[in-house]
Structure formats: structure tokens, C-alpha cells
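Asks: Sequence:
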Amino acid sequence: MEHIKAILLGLRFRLDLYVNFRPCVLPFARLSPLTGIQKPFRIDTFRENTEGLYTGLGGSFKTGTPDEIVIEQDLHTRKGVERIIRAAFEYAELRGRGRVTLVDKANVQRFVGGLWRKVFEEVGEAYPKISQDSMYVDAMAMDLVRRPDHYEVLVTSNLFGDIISDLAAEVTGGLGLAPSANIHPGQYALFEPVHGSAPDIAGQGLANPIGAIRCVSLMLEYFGYEHLGDRIEEGVLASIENGITTPDLVGGKSSTAEVGRWIASYVESESA
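In this note's numbering, the protein residues as written are 1 to 272.
Bear in mind the hints are in silico, worked out from the structure with no lab data behind them.
Glycine is no exception: its CB is placed at the ideal position from the N, C-alpha and C atoms.
Watch out, some of these pointers could steer you wrong.
To be verified - Taking lysine-lysine pairs in the BS3-like style, the calculated list, with each CA pair at most 30 Å apart, reads: (1) K79 - K129; (2) K105 - K79; (3) K105 - K118; (4) K129 - K118; (5) K79 - K39; (6) K79 - K62; (7) K129 - K39; (8) K253 - K118.
As the list claims (entries may be wrong) - With beta-carbon atoms standing in for the labels, derived distance ranges: (9) A198 - P40: 38 to 46 Å; (10) L34 - S265: 30 to 38 Å; (11) P247 - R117: 42 to 50 Å; (12) A202 - S269: 27 to 35 Å; (13) D166 - P40: 13 to 21 Å; (14) Y136 - G243: 48 to 56 Å; (15) I71 - Y136: 20 to 28 Å; (16) G114 - L8: 15 to 23 Å; (17) E121 - V145: 21 to 29 Å; (18) G64 - L8: 48 to 56 Å; (19) V145 - G10: 28 to 36 Å; (20) Q38 - E270: 37 to 45 Å; (21) K79 - G36: 13 to 21 Å.
The whole structure should be built from the sequences, with the hints applied where relevant.
Replies: Here it is as C-alpha cells:
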């Protein structure tokens with residue numbers, strides 16, 4: 001699997017796809033594993049995509065001995081932090097989202113966390129109409145389980161974004177529903193579902209295709225074809241509402257191909 005990792009991370013770094021946008025939408029309350037959820041909600045995560053612990057900076061010393069030492073460097077630049085935070089605020093302003101929350105661990109990571117908080121406050125000054133707050137990542141993990149509908153837009157580092165967005169996906173129906181976009185605004189974009197390749201269920205028709213299908217919707221929206229992206233999203237919602245889903249969703253009995261064909265047929269009929 002290392003070659004696959006090298007391809008994906010290679011594209012992110014070489015194309016400088018610094019925005020990892022992960023929208024998690026709960027279309028129907030019944031899909032959430034949490035009790036007490038009464039209505040649909042949405043959490044959008046902006047994950048910095050080219051820095052942090054994912055740069056691979058580090059090494060080992062005295063390998064294979066009792067004194068073995070390993071170092072993994074957590075790299076953050078003002079430029080990298082500022083542009084992802086600005087992207088989150090610009091999105092919130094454009095989409096009418098009322099709140100942006102910074103997720104960090106500034107009580108332990110004094111230098112890294114200090115930079116993120118300082119830049120967050122500086123950038124946030126240009127968006128006075130948007131509510132702004134910060135939360136430690138462990139507190140955010142607890143609160144996403146307790147009241148996920150309290151949050152709107154999250155912005156965070158590479159590692160924390162990887163973890164928090166998976167949790168956000170799970171409380172909104174599961175990883176199988178979640179798309180993502182890797183973007184360098186105005187230049188390049190790469191779209192992929194949040195879930196992994198799931199080799200343990202390969203060839204069994206169990207994989208949920210909705211995350212990948214929603215990536216097409218995101219891509220069309222990125223290219224300016226919002227009406228086409230909306231149509232695909234309508235097809236996804238209709239399939240869930242009609243129970244045409246894979247077994248990872250409550251009550252799902254359809255195969256991967258059956259779900260895909262149903263949504264494609266819906267979109268085609270609506271386009272006629």
C-alpha cells in the first residue's frame with residue numbers, strides 16, 4: 001500500500017493542494033448513530049493539507065538497539081497556517097455559515113498552537129460577522145459526540161483534521177457517505193472519498209459508492225456547474241430516502257452496483 005500512499009501524498013505536496021475540504025452532511029437524523037439528534041446538520045472541515053506531521057521530516061538513530069531514538073517533526077509555516085484559515089473564513093462568508101472554530105492543542109503545543117491561534121485571530125478580524133472560537137482537539141472530539149450540530153466550519157492542522165473529519169463523518173452517517181476535495185484555489189483540485197480502499201470487502205458488492213458519487217458533485221460545483229452537482233446530490237438523498245443503500249447504513253440491503261445504478265438512473269431521469 002506504500003505506493004498508493006506515495007501517489008496521493010505526492011499529488012497533494014507537488015501540486016500544493018493545501019486545502020483539504022471535507023463536508024459532512026447528515027441528511028436524515030435516523031442515519032446518525034447518536035441518540036437525541038432531531039434534525040439534519042452539516043459540519044465542514046478545512047484541514048491543512050501540505051504541512052504538519054505528514055511532511056515526513058524526521059529520522060532514527062541507533063536503530064534496532066535498546067537506545068533507539070526516532071524523531072518526527074511537526075512543521076508549520078505562517079504562510080501555510082494563514083492560507084488555510086483564510087480559506088475557511090472565505091467559505092463561511094460565501095456560504096452564509098455563521099461560525100468558524102479553530103481546533104488545536106495549544107495548551108501542549110505552545111509554539112505550533114500559538115502560531116495557529118495568533119493567525120486565527122488576525123485573519124478573523126476581517127470577518128466580524130462570523131462567530132469565532134477555538135477548542136482543544138480532545139475537547140472537540142468529546143463535543144462532536146455530545147452535540148455535533150453545534151458546529152459549522154472547523155479549521156485545523158493536517159493530523160487533527162484527518163482525525164476530526166473522520167469522527168464528523170461517522171456522526172453524520174458514516175465514512176461511506178463522505179466526500180473530500182484537495183484544492184489549490186484557482187489552480188488544481190483533486191477529489192476523493194474520505195474512506196479508504198477497504199480491501200477486506202473488495203469484490204463483495206458491499207462498499208458504499210455514495211462518498212465517491214458525492215465527489216463528482218463536489219467536482220461539478222468546483223467547475224461552476226452547481227445545478228448539475230445539486231442534481232447528483234438530489235439523487236443521493238432520494239436513494240437514502242427510498243432505502244436503496246448498502247449494508248453499512250441502517251436497513252441497507254443493496255449492492256454497490258445497485259446503489260450506483262439507481263442514483264445514475266435518477267439523475268438521468270431528472271435531466272430528461
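Asks: Each hint should be assessed against the structure and marked as holding or not.
Replies: Do the hints match the structure? See the list:
{"no.": "1", "hint": "K79 - K129", "result": "24 Å, holds"}
{"no.": "2", "hint": "K105 - K79", "result": "20 Å, holds"}
{"no.": "3", "hint": "K105 - K118", "result": "13 Å, holds"}
{"no.": "4", "hint": "K129 - K118", "result": "19 Å, holds"}
{"no.": "5", "hint": "K79 - K39", "result": "38 Å, violated"}
{"no.": "6", "hint": "K79 - K62", "result": "35 Å, violated"}
{"no.": "7", "hint": "K129 - K39", "result": "25 Å, holds"}
{"no.": "8", "hint": "K253 - K118", "result": "49 Å, violated"}
{"no.": "9", "hint": "A198 - P40: 38 to 46 Å", "result": "26 Å, violated"}
{"no.": "10", "hint": "L34 - S265: 30 to 38 Å", "result": "32 Å, holds"}
{"no.": "11", "hint": "P247 - R117: 42 to 50 Å", "result": "43 Å, holds"}
{"no.": "12", "hint": "A202 - S269: 27 to 35 Å", "result": "31 Å, holds"}
{"no.": "13", "hint": "D166 - P40: 13 to 21 Å", "result": "20 Å, holds"}
{"no.": "14", "hint": "Y136 - G243: 48 to 56 Å", "result": "40 Å, violated"}
{"no.": "15", "hint": "I71 - Y136: 20 to 28 Å", "result": "24 Å, holds"}
{"no.": "16", "hint": "G114 - L8: 15 to 23 Å", "result": "30 Å, violated"}
{"no.": "17", "hint": "E121 - V145: 21 to 29 Å", "result": "28 Å, holds"}
{"no.": "18", "hint": "G64 - L8: 48 to 56 Å", "result": "30 Å, violated"}
{"no.": "19", "hint": "V145 - G10: 28 to 36 Å", "result": "34 Å, holds"}
{"no.": "20", "hint": "Q38 - E270: 37 to 45 Å", "result": "29 Å, violated"}
{"no.": "21", "hint": "K79 - G36: 13 to 21 Å", "result": "42 Å, violated"}
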